Each structure stands twice: as C-alpha cells, then as structure tokens.
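Visitor: Based on the sequences and whatever the hints tell you, model everything.
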Amino acid sequence: MKALITYAEALQDTKLAPKGNLRPLRHLSLGTGVPRTFAQEKTAFYHSGSYLPPTLLYLALCGHLFSEWAPSLPCRKRHFCAPFNSAWFRQVTTNGLIAMSEPPATESHPGLFPPTFGAVAPFLADLDTTDGLGKVYYREDFSPSVTQLAAECVQRGFPEASFQPKSVVVVTWDSVAPYQGPSEDPAQEGKRNTFQAVLASSGSSSYAIFLYPEDGLQFTTTFSKRDKSQVPAMVAFSQGLVGLLWSSDGAYNIFANDRESIENLAKSSNSGQQGVWVFEIGSPDTASGVVSSDVSLGLDDEEYDDEDYDSVPSLGPEDVGTTLFPSEAPRRGDAGPHSRHRASPRRLATDRPAGPSTERTRSFQLPGERFPQQHPQVIDVDEVEETEVVFSYNTDSRPTCATSRHQCSVHAECRDFATGFCCSCVAGYTGNGRQCVAEGSPQRVNGKVKGRVFVGSSPVPVVFENTDLHSYVVMNHGRSYTAISTIPEAVGYSLLPLAPVGGIIGWMFAVEQDGFRNGFSITGGEFTRQAEVTFVGHPGKLVIKQRFNGIDEHGHLTIDTELEGRVPQIRVGSSVHIEPYTELYHYSRDVITSSSTREYTVTEPERDGAAPSNVYSYQWRQTITFQECVHDSSRLALPSTQQLSVDSVFVLYNQEERILRYALSNSIGPVREGSPDALQNPCYIGSHGCDTNAACRPGPGTQFTCECSIGFRGDGRICHDIDECSEQPSACGSHAVCNNHPGTFRCECVQGYRFSEDGTCVAVADQRPINYCTTGLHDCDIPQRAQCVYTGGSSYTCSCLPGFSGDGRACQDVDECQPSRCHPDAFCYNTPGSFSCQCKPGYRGDGFRCMPGEAEKTRCQLQREHILRTAGVAGPQQPLPLGLFVPECDEHGYYVPTQCHGSSGYCWCVDRDGRELEGTRTRSGMRPPCLSTVAPPIHHGPSVPPAVIPLPPGTHLLFAQAGKIERLPLEGSTMKKMEAKALLHVPDKVIIGLAFDCVDKVVYWTDISEPSIGRASLHGGEPTTIIRQDLGSPEGIALDHLGRNLFWTDSRLDRIEVAKLDGTQRRVLFETDLVNPRGIVVDSVRGNLYWTDWNRDSPKIETSYMDGTNRRVLVQDDLGLPNGLTFDAYSSQLCWVDAGTSRAECLQPGQPSRRRVLEGLQYPFSVTSFGKNLYYTDWKTNSVAAVDLAVSRETDTFHPLKQTRLYGITTALSQCPQGHNYCSVNNGGCTHLCLATPGSRTCRCPDNTLGVDCIERK
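Take the sequence shown: its letters are residues 206 to 1463, numbered as in this note's numbering.
Be aware that one or more of the hints could be misleading.
Computed cross-link-like contacts, EDC-like style, restricted to lysine to aspartate or glutamate with a CA-CA straight-line distance of at most 16 angstroms [as the list claims (entries may be wrong)]:
no., residue 1, residue 2
1, K1305, D1278
2, K653, E769
3, K653, E767
4, K1186, D1205
5, K653, E670
6, K1045, D1030
7, K750, E670
8, K433, D420
9, K396, E419
10, K750, E731
11, K430, D757
12, K1181, E912
13, K1045, E1096
14, K655, D765
15, K396, E468
16, K750, E769
17, K433, D390
18, K1265, D1278
19, K1181, D1401
20, K1265, D1205
21, K396, D420
22, K1186, D984
23, K655, E644
24, K1181, D1205
25, K655, E769
26, K1206, E1227
Don't read these hints as lab results, they were simulated from the structure. Predicted model only: the values in this text are computed from it and were never measured.
Guide: See the structure below:
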C-alpha cells in the first residue's frame, strides 16, 4: 500500500496534456517568403463546441473591437497547440509565442532567443494556464468586418501601404498568470495579463498587430526554470532557420526585453493608437528583418499626466536591454548593409527627449546590428594586459578542451588526451561528462510517443501520434513513475504488460551498487534503443524504438518513442500484475544488449462472482547504442555484465483519462546467486544461437530449447517464414488483397471497399461513381492492344486498338502483311498492332515507296565491309583470317553493344559509334553485361502517349524493358502474371535502373540514351526529366525515402553521385577506384550505402555511409560480374546476382558469412526483394524470375509479351518500411544535403556552390 501511495503522490507532479487530437500546421517562413491564404475546414471552427461568452474580451483596435465572440479553439496545453491546417504557422503556445515553422521536439520556450524556428512573440514568458489560470484562444476569420478592421489598423501604421487582407488569424491570451516557480512571490499573487496578436495576410504581404489593453499587463516578469530567477518577458520576432536546429543565421528582432519597456507596451504605440503595435512581417521588404510602423502617438491619445510621465525614468540607448545595438532598424524600401538585425528597445512612450519638457515626441525605433556569421576557424583569445588582447589561430585539427569545452556539461571538467578530449562530471554530480545531474536529485523526463499497433487479430491498426510521455524519477530509491497520455482505449489495456517502455528510464537512474553504473552514468541520456517483444503463443511481435536526446534547457531529459507491431488483446477492465524480475545487461564498446523472458498475470473483470486469471509470457530483446569517450584509457572499464533488479512493478490504465501508467523500482549490480540469471542459462545471457525469429525457452541449469515464433516454421535454430497468403488463399476474404510479411500477413481492401468492424471488406456506403478506366481496375486487354472507354457512372467499354481485332477484353494482332501494304519491291514485317516495310536489296526508300539504288549504310556496316574487303574476304562462306576482328551489327545496322574477338574469345562493350568502353574487356568465355545506348527504332503504327497509367492498390514489381516500364502485381509473394500491364511508354529512351519512392509514390529511372534521369508519379501524369547535364552512362539508382535523397552510379564517368529528389544539390561522393559501377542500394534507417563494381580485373561489392565516409570493400572473393543489388529493410539482408558466377547470394552486413541462395542462373541483370522472395530480370530468358529464399529454389517466371531484353527491377511497396534516420525530420537541421550515417547525420554542400550560403557539419 505504501508503494501505491508513493506512486500516486509522484504522479501528481506529472503534467499531462489534455485530451484532443491536434493537427500540425504547414510552414511559413517569417520575413523571407510571401504568406499564402489558407482554407479552413468548417468543422474545425466548432472543435469541442468552443464558443466564448460575449463579455469575455473586447480589445480596442483602431477605434474598433476585435471580439472573441466567435468560434475559437481553446489551447490548454502547457506547451504547443496545433489548431488547424494553415499555410501561416505551425503551433500556438500558452507561453505567448506563435511558431511559424516546426519547433524541434527537444526545444521549448521560453528559452534561449532566437529560437531555431520562425517565431512571433507578443509576450514571451513562462505563463501559467493550469487549473483554470487563464485561457488561450485562436481562430481564423474571413469575415469582411474583421478583415476590414485589420486593413484599417495596418493603414494607420503604414499609410503608404495598399493592403486588403484575405484572412486574419486572431490569438488571444486571456487572464494568464505568471509561473512563480518553487517559491511563490506574494507580489504577483492574483496578477493576470491579457493581450492579443492578429496576423493578417493579403496573399502578397502580411502584417502582425499586437494589442495590449489598459491594465491588461499586470506583471512583467516570470520565474525562469533555466535562470532560477525572475526574468522579464520579451516581445520579439525571429526568422529562425529552415532546417537548422543548433544555430540561426536568420534575422531576428527583439522589441522589448526589460521591465520598463514591457510596462510601456500598453501606454505607447508605433501606430498612433495607444496599446496597438503594427509590424510588417512578410513581403520583399522583410527579407532582412521585421519592418516596424513609425507613427508617433499624438498628444490627444495620452491619458496620463506629467506626474505619471516624469515618474518613469527616461530611457536612452544606454539604458535599455543588456546590449548596445546602435544601428538603424529597417524601414519599408530600405537597402544597405544593415540587412540583418537584432533589435533592442529604444525610446518608448515615457522617454524624455532632449529639449524643453513641454515637447513630447513619442516614436518607436527598431535599432539593429548585423548578426555575425559563424566562422570555421578556431580563435584563441588571451588577455595579456587590461588594454591588450592577442588573437591567435589554432590550426590543430585534433579536438581539444580549448576548442570543444562547450561539449562538456557545465558541471564537468574537461581533460585533453593524445587523441582528443574527454568530459567527466565533478564531485556531487553523475553522468557521462557531456550530461551531468546532481546526485540524488529527482529527475523529469518528457517526450512524445507515436504508435501503429495491431491488437489481437484485428486487421486494422490503432494509430496514435504526438502523445505526451512524462516521467518522474526518485533517484535515491531508483523508482521511476511514467505516464503516457491520450492512449486510445482500444489499445490501452493491451499495452499494460509493456512496463519496459518506461523501464528504460528506471535503468537510467537505477540505484548503483559499488563498482557498477546505471544507464545515465554510462550514456548521459543520449542513446538510441530498439527492443523487440515476442509474445508466446501469439502471432507477430512488437518493436519499440526510442531515442533519448539528453537534457534540455529546463534540465529535463527528452525522449521520442515509437511502437510498431501486434500485441495480444486484453479485455477492457482487466488488471495486469508483473512479478519482480531481473535482467542481464551485456556491455561492449558503444553497445549494450539484453534479453529475458517475462511473465505477467491478467485478471479479467469479475463475471458470475469469479474473476478469471491467466498467466502469459513474452520474450524481450533490446539493443542500446551510444557514444562513449574512447580517448581516456585510464577510465575504469565497465563490467561486461550487470544485473538490473526490478521490483514493486505497478501498471495501470485509467479508462476515463486514457492515461497509461507504469511504476518500477530499479537497482544495478552484480549477477546475484539464486536468481535465474545466475545460472548463466543461454536464454538469459544471449548465447543460445536460436534464430532471430525464434523464442528461447530456458530449462534446468544451462539447458534450453529454441521454438520458432508464430508465423515461422523450423527447428528453432533455423526458422522459415510461412506464406499465409499462399497456404490460406481465402484468409483475407473477398474484395481484399493479401500481402505476406515476415511472420505475419496483412490484408488490404481493394479500391471502393473498407474494413468493417468485424474485419471484412465492405463497399463504401457513400461510394461515388468510379472511372475504372483511369484507376486501371478494368478488365480490358493490355494498353498495347486495347483501350478502355469510360461511359459514365461506373460503366465502361473495351475496344481493340487499330491493328488488333476482338471484343476489347481479348484482342489478337491483325497481320497487315496479308495482303501486303508495302511497295512491291519491299519486304513487309508484321509487328504487334502494326507493321513495317523495308526496301529490298538494290532499292532505297521507306518501304512504301522504293526506287532502284542502294540504301545509305550505317557506320557499323561501312566499317564491317571495309575490313572484309581489305582482308580479301569475298563472301560470308569464306573463313576469316586468324586474328581478324570484324564488328557485329544488328538488324538495323547499329553496333551490337557487346563485341567479341572471334580468335581470342575476349569481349568488350562499345558505344553507339563502336568505340570500346574502357575497363569492359573480359577474359575468354565471359561476356560482359553491356548496355545498348541506341533506343530501338519506332515503327509506324498506333502511338501510345507517354503518360503513367495510375497504379492500383497493393504491392507491385516494376521492371524496365528498353523504352517502357511495366508493372507486375504481387498477391503475397505470387506474381499475378495475367494482370501485368504497361505503366509508362517512353519509346525514345533506354531505361536501365529503377527506384521507387514509397512516400510520394513516384518511380525514378536512369536513361543511357540521352543520357538523363527522370521520374513519374504513379498517381498518373506525364513523366519529367530532372537531370540532363554532366552524365555519362547513369545505370544504378537508389532512393533514401527518409532523407529524401537520390543516389546513382555512372559507369562512363566512373563515379557515384547524390542529389535531392528534384535533381538539385548534386554532389559527387566517389570518383576514384571505380571501374564499372552498376547496382546501388541504400539502408535508409542505418545510413549505409552499397554498390557493385563489375571491374573485370577485380570485381567487388563496396559499402560506405551515405555521406561517403567509412568506404570499404564488403565482398571481393569469388565474384564474376556482380550486376544487381537489393537490400531488404525488413530482414536487413543484402542480396546480389552475378552474371559471371551465375549465382544469387545474400549476407547480413557486419557478419562475415555469406549464403549462396541459388546457382545456375542464366544471365541475371537486376534484382529486388519482397517478403520471402527475390525477383530478378534475366537477359537470356528475357523474363522475371522469382526465387524463394527459404528453400533456395526458383519458384516462378514471367515472360512479358514483348520478348526483348529486361533491365532494372524494383518493388513498389504499398507502404513504407517503418523506421527513421537523423535526416527524416526537418532535413536533419542541414541547410542543403542531409546525408544519414549510423546513429547520426552529416550536412554537406552541393558541388559548385560558390556564393551559396551553405554550412557543412557533422
């Protein structure tokens, strides 16, 4: 009972956000861009039925009123609120600030100013709105009366401006209280502030209007958690940095930041109306900072006498703020060197100007100074004497305490070593030196949780985002209390067994026994953690990903949590009990691992006088990665194994508040005798050798068994995925598509259907007519033979294209050569849907008209004839002289891309002019994988428009066949060959590589005929070319869907490049030690890059980080001509096909062993993976083949209708793989290229960026 009381008391201090689903808003760059008017969903205005009483608030504006008697959204949250979709700003805060761009999760305000995001702050301070202490309202208003009020106010402040807003956003802070900190100030008791901000936009310019009513500002300071004292509020603007998290080069203006200037807000004005302040914030004039109005407050507007005036001290430039900034503020149309400003307050309403006391000039000036750039050099400053300062440049690249002391905590000491520096906490503090907290002090952890969790057998996941997590830790007892708010009831009870979600916080602050260290002492609260929960006897598993970001400016640890997977269902109203347990943590450099089996008891609600109780278990595995300081060799090494002991486990789900609560007591120490872990059972210490998809069952002593998880088969040492879609074809029911996934499967309703409550697909009730022709869901023959004609409603007809006959659902080619349509002196060649004519030898012409005379010969034909004539070869029957090379031409007279020497057997690649491509010559008996750079000839016949046919729902294979891309649907892992159709026709191109963007549903390709790189949306539309310049032979292409970057290989220029998805910001990553680079893939989550090089002398597979660092050879032995490469994000497996060894092989990066999947392939070119299968294109069979990785055999092949060479292949996933990297949010804080690396990212500048404001850093 005592533990329960302690738990409840501690949770009283855990602040939780209220219920509500707040949506993020779109971005507007303050001061640099032109704001866009935005449309507001009508229902959003009536959120929670929030109408305000008409007597609540009326604020004077230019002689009129902005009334809050309008449907407005309340903001009760202690931090950020996101009211509705807006092109203006992202979030409103209770602390007197409007965020114009996305605030980082780790940054809160009030804090350091300027922030890293764009901001408008009419009264930035720590304001208290808890327990009914004031409210914050916000709305968008399009009404003519309100927009006209804003126009009149702007006109008064900027008489020369012609401004008529289209929309107005009104934000009101009503009767908000000051945060008083631990010791309340009696002088501030009962003080309340009321003020208002109005943002008005015309579509080409925007203005901010701040309103401070008389007696509206009753306090000017609040308690600062960072400074531990009372600090003044601030009125300011900041452009912030688009994508920068740690520094800002944008303009920012501080209008008021001391007590006197804050007090004068309600007494003065810059627009001629007391308490009203007007600023231009969005137009070409504001690129260098906010432009202030400059209309003096007239004598008629004054409502205080000379005594009041004289009682306030005069403020000269030397009296205001804390820093002197003497330069002039920007005015409309100003230009010159003062383009970036930090402004401090100047002469306000109470300033006494020089001259007679009867003259009272009240004007507002916004002085500023250029905000200095960050310089890359390190400058050491040594004070020699009081009057002399010596500057010296330190060119040592080794980081030292002199240059990097700021990376240590203020409660740490920094020590230099031979290879670098290390930080260590001083006495009385604990941590890793980079982060230190006082020993024994209570700690708070704040963060966000998002999840996509399937409950029981439900086919529909429960999705929640932006959910608050708050934790309170009593360090002296090692007890942590964690609360997660707004968890839906549908999943809340089923998450009760997952106490380790909050248990990681307990490990961080566990009570330490002598010689042992808890998580915070080791990591400083900066690490990533991935855990996998496998429930015994239940299909699927749950993956938990957490990122701890250290301590923020308020002294709180920050955490981001993501849940993905399936959990067993626990009935509503049940309780869960977890017995005390122990867990072994195994330590190595930068990595901590642990695994254990947990039991929990579920007691269901009482029925018929009895409460059923059952015991369940799950297996827990986790990996924690962090960065430790390696420079101090004298630092005591961690014990290789530590035991975490957890007791007094308490879990609870509050159904009314929808809050999930966990409480645990933790201690860290040696492995104890008598505990299960002390037996060193392989299941506990992780040395069991079970398959990654198997559970380890501990037995007596050191005995154990391995048992494949549900959804897998095998002996436990090796487990193979069960393809439920193949074994249970009707698993998903009618109107659904079954997609197999490792260990499970998922059902997707076809278009026009949705999941019902019982999990079946039912027709959408309010379904509108479907144009099956545009959706591609018709049953007409393929587009090369038939067309679909929409006839209204949901009806359509099918008709064969010219050159074909049939009913439109099945069309046969018409042989136009019977009778012949060509000239009598020409040959007629029938082709699908068309025909071609070619004049006979001795005649020339287009085949429809032929006249005597020889046709003009190609370069290849002329060269071939010249060589044969010179060698004296009279006819095709005469043998060629030994050693003579004669080029081979195709049926159209072009050079065959692969040329071979008849005598020596050597082969090599040539370009369109027959020139040998360097580095392509292979040894005798091996033909290199040469690519034709000449697009196939276009036959006269029915033309196919180069537009994408929209892709139906589900997962598809996309493959290239010279001038077109085809799609091949997958049902589970089975190719639906009868439904294969063309996706895109581009007959003038030779498409080689393919990559798919699962986020925007866009396919990217390389074209070696122009050469170029192009893309097209799978929603339909015309293809576009994004890169044309400086390309040789672009072949392989890969896409990082998290970092939004494109990578490709160029075998002509022998280099690997990266660019943004629109083709901009190109940068060469590698241009050395490459001969014939081809296949390339990315591991987006881990930040790795892989590529093949079929260098005929030394073929290899290489890898590096995405930023080009840590380049190394991954595979070099027993390779022939490695062509295609694929990385499976679900299994983290890298596979490739080799045209020289005729094999398909796989490996796990980081592990030395590789596995031969299949031998005896014909001539594989490209490969992709999905589920349990590999799919590759083959040049000899002109087909797509499927290989089952589990049984290592080829299971199916698909032969396209057109039997020509197939090139690249990729998988168009129905949804993106789960995961994130450091570039997936806000471009990783980079100005230009953000390139992910394992556990971090690097900011890089594009090549040729002279004059571009770009910052490189790691």
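Visitor: Give a verdict on every hint.
Guide: Do the hints match the structure? See the list:
no.	hint	result
1	K1305 to D1278	11 angstroms, holds
2	K653 to E769	15 angstroms, holds
3	K653 to E767	9 angstroms, holds
4	K1186 to D1205	21 angstroms, violated
5	K653 to E670	8 angstroms, holds
6	K1045 to D1030	6 angstroms, holds
7	K750 to E670	14 angstroms, holds
8	K433 to D420	28 angstroms, violated
9	K396 to E419	14 angstroms, holds
10	K750 to E731	14 angstroms, holds
11	K430 to D757	11 angstroms, holds
12	K1181 to E912	34 angstroms, violated
13	K1045 to E1096	14 angstroms, holds
14	K655 to D765	8 angstroms, holds
15	K396 to E468	14 angstroms, holds
16	K750 to E769	9 angstroms, holds
17	K433 to D390	13 angstroms, holds
18	K1265 to D1278	25 angstroms, violated
19	K1181 to D1401	11 angstroms, holds
20	K1265 to D1205	14 angstroms, holds
21	K396 to D420	10 angstroms, holds
22	K1186 to D984	11 angstroms, holds
23	K655 to E644	32 angstroms, violated
24	K1181 to D1205	24 angstroms, violated
25	K655 to E769	9 angstroms, holds
26	K1206 to E1227	14 angstroms, holds
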